[in-house]
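Work out the full structure, taking the sequences as your base and the hints as a guide.
The primary structure of each chain is shown beneath.
Protein chains: 2
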Amino acid sequence: MIIRKNQAQAERTERETFGVTDTVRLAQAGGISQYGANVQTLQPGARSSNRHWHENEDEFLYVLSGEVTVTEGTEAQVLHAGDAACWPAGVPTAHFVSNQSNQPCSYLIVGTRVSQDVCHYPDTGRTLYREGNAWRLLEANGELFKSGVF
Amino acid sequence: MIIRKNQAQAERTERETFGVTDTVRLAQAGGISQYGANVQTLQPGARSSNRHWHENEDEFLYVLSGEVTVTEGTEAQVLHAGDAACWPAGVPTAHFVSNQSNQPCSYLIVGTRVSQDVCHYPDTGRTLYREGNAWRLLEANGELFKSGVF
Numbered sequence: 001m002i003i004r005k006n007q008a009q010a011e012r013t014e015r016e017t018f019g020v021t022d023t024v025r026l027a028q029a030g031g032i033s034q035y036g037a038n039v040q041t042l043q044p045g046a047r048s049s050n051r052h053w054h055e056n057e058d059e060f061l062y063v064l065s066g067e068v069t070v071t072e073g074t075e076a077q078v079l080h081a082g083d084a085a086c087w088p089a090g091v092p093t094a095h096f097v098s099n100q101s102n103q104p105c106s107y108l109i110v111g112t113r114v115s116q117d118v119c120h121y122p123d124t125g126r127t128l129y130r131e132g133n134a135w136r137l138l139e140a141n142g143e144l145f146k147s148g149v150f
Numbered sequence: 001m002i003i004r005k006n007q008a009q010a011e012r013t014e015r016e017t018f019g020v021t022d023t024v025r026l027a028q029a030g031g032i033s034q035y036g037a038n039v040q041t042l043q044p045g046a047r048s049s050n051r052h053w054h055e056n057e058d059e060f061l062y063v064l065s066g067e068v069t070v071t072e073g074t075e076a077q078v079l080h081a082g083d084a085a086c087w088p089a090g091v092p093t094a095h096f097v098s099n100q101s102n103q104p105c106s107y108l109i110v111g112t113r114v115s116q117d118v119c120h121y122p123d124t125g126r127t128l129y130r131e132g133n134a135w136r137l138l139e140a141n142g143e144l145f146k147s148g149v150f
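Listed in order, the protein sequences are those of chains A and B.
Going by this note's numbering, the letters in the first sequence line up with residues 1 to 150, in that order.
Going by this note's numbering, the letters in the second sequence line up with residues 1 to 150, in that order.
In short, the hints are calculated from the structure, not lab data.
Treat the hints with care, since some could be wrong.
Stated by the list, open to error - A few chain A residues that face chain B, going by a derived Cβ cut-off under 7 Å, partial list only: (1) L26; (2) Q28; (3) G31; (4) I32; (5) Q34; (6) Y35; (7) A37; (8) D83; (9) C86; (10) P88; (11) W135; (12) L137.
Where a beta carbon is used, it is the ideal one built from N, C-alpha and C, also for glycine.
This is the structure we're talking about:
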């Protein structure tokens with residue numbers, strides 16, 4: 001199944017701390033379920049997420065355009081079109097992606113769809129548990145912060 | 001782990017019927033094992049493979065540059081940068097990718113690494129069975145054509 005550029009609708013998220021991100025869920029649009037493959041465009045100042053790492057999901061990023069800042073641990077590096085990043089499942093390299101330039105930047109991000117995952121957020125000490133479509137986010141002390149269904 | 005453009009070595013394959021293809025195995029270079037994520041560059045006249053479909057592997061293609069011809073069944077369509085194609089596991093849309101232009105073209109191709117797969121090649125009637133690292137290719141009549149280890 002072919003999906004032409006701009007055929008799949010971008011979903012915009014706009015959050016005070018994370019800025020403006022547009023996400024096009026290409027794999028989902030094409031009926032793929034074993035992994036996600038999204039094109040994300042970050043506006044200047046935006047970031048993709050909190051610093052995190054996954055126990056069970058392999059993550060892969062490929063830069064399409066602009067200046068994509070990848071922070072691993074405390075080290076920030078600027079990536080350009082054709083540069084990539086890999087975060088294998090279970091390797092505790094906490095990371096996030098941001099746009100520290102004054103132009104939009106975009107990348108393709110792939111992540112395995114696993115039935116069970118644990119995602120760690122070292123900045124807050126929180127941990128996200130996923131089982132099937134259900135998730136629960138625990139505080140560092142183990143208390144429930146939020147839960148829901150994807 | 002960051003992999004800069006041109007940091008990972010391209011592997012060249014040159015076959016009489018398929019032409020010249022360069023493959024950069026980015027996910028493998030970054031230690032990812034749940035799926036492959038390769039940048040492939042086809043020289044003019046090259047094609048990626050025989051027409052095929054997988055029972056258990058989701059396949060995803062994202063065009064990076066040039067004119068990428070995607071043939072699904074007998075229908076050929078030319079894709080450009082930003083166009084994508086999805087071939088979900090188990091959907092019998094036999095496909096292949098080729099370069100029918102006079103310039104190189106390139107795309108990112110993602111495929112799940114599954115422990116068991118069956119791949120169908122309708123043009124020859126052959127079937128490829130994969131179990132772990134072992135594979136065997138059977139003729140349409142069920143006789144063994146070739147076997148090996150990945």
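Comparing the hints with the structure gives:
{"no.": "1", "hint": "L26", "verdict": "holds (5 Å)"}
{"no.": "2", "hint": "Q28", "verdict": "violated (9 Å)"}
{"no.": "3", "hint": "G31", "verdict": "holds (4 Å)"}
{"no.": "4", "hint": "I32", "verdict": "holds (4 Å)"}
{"no.": "5", "hint": "Q34", "verdict": "holds (4 Å)"}
{"no.": "6", "hint": "Y35", "verdict": "holds (6 Å)"}
{"no.": "7", "hint": "A37", "verdict": "holds (5 Å)"}
{"no.": "8", "hint": "D83", "verdict": "holds (5 Å)"}
{"no.": "9", "hint": "C86", "verdict": "holds (2 Å)"}
{"no.": "10", "hint": "P88", "verdict": "holds (4 Å)"}
{"no.": "11", "hint": "W135", "verdict": "violated (20 Å)"}
{"no.": "12", "hint": "L137", "verdict": "violated (24 Å)"}
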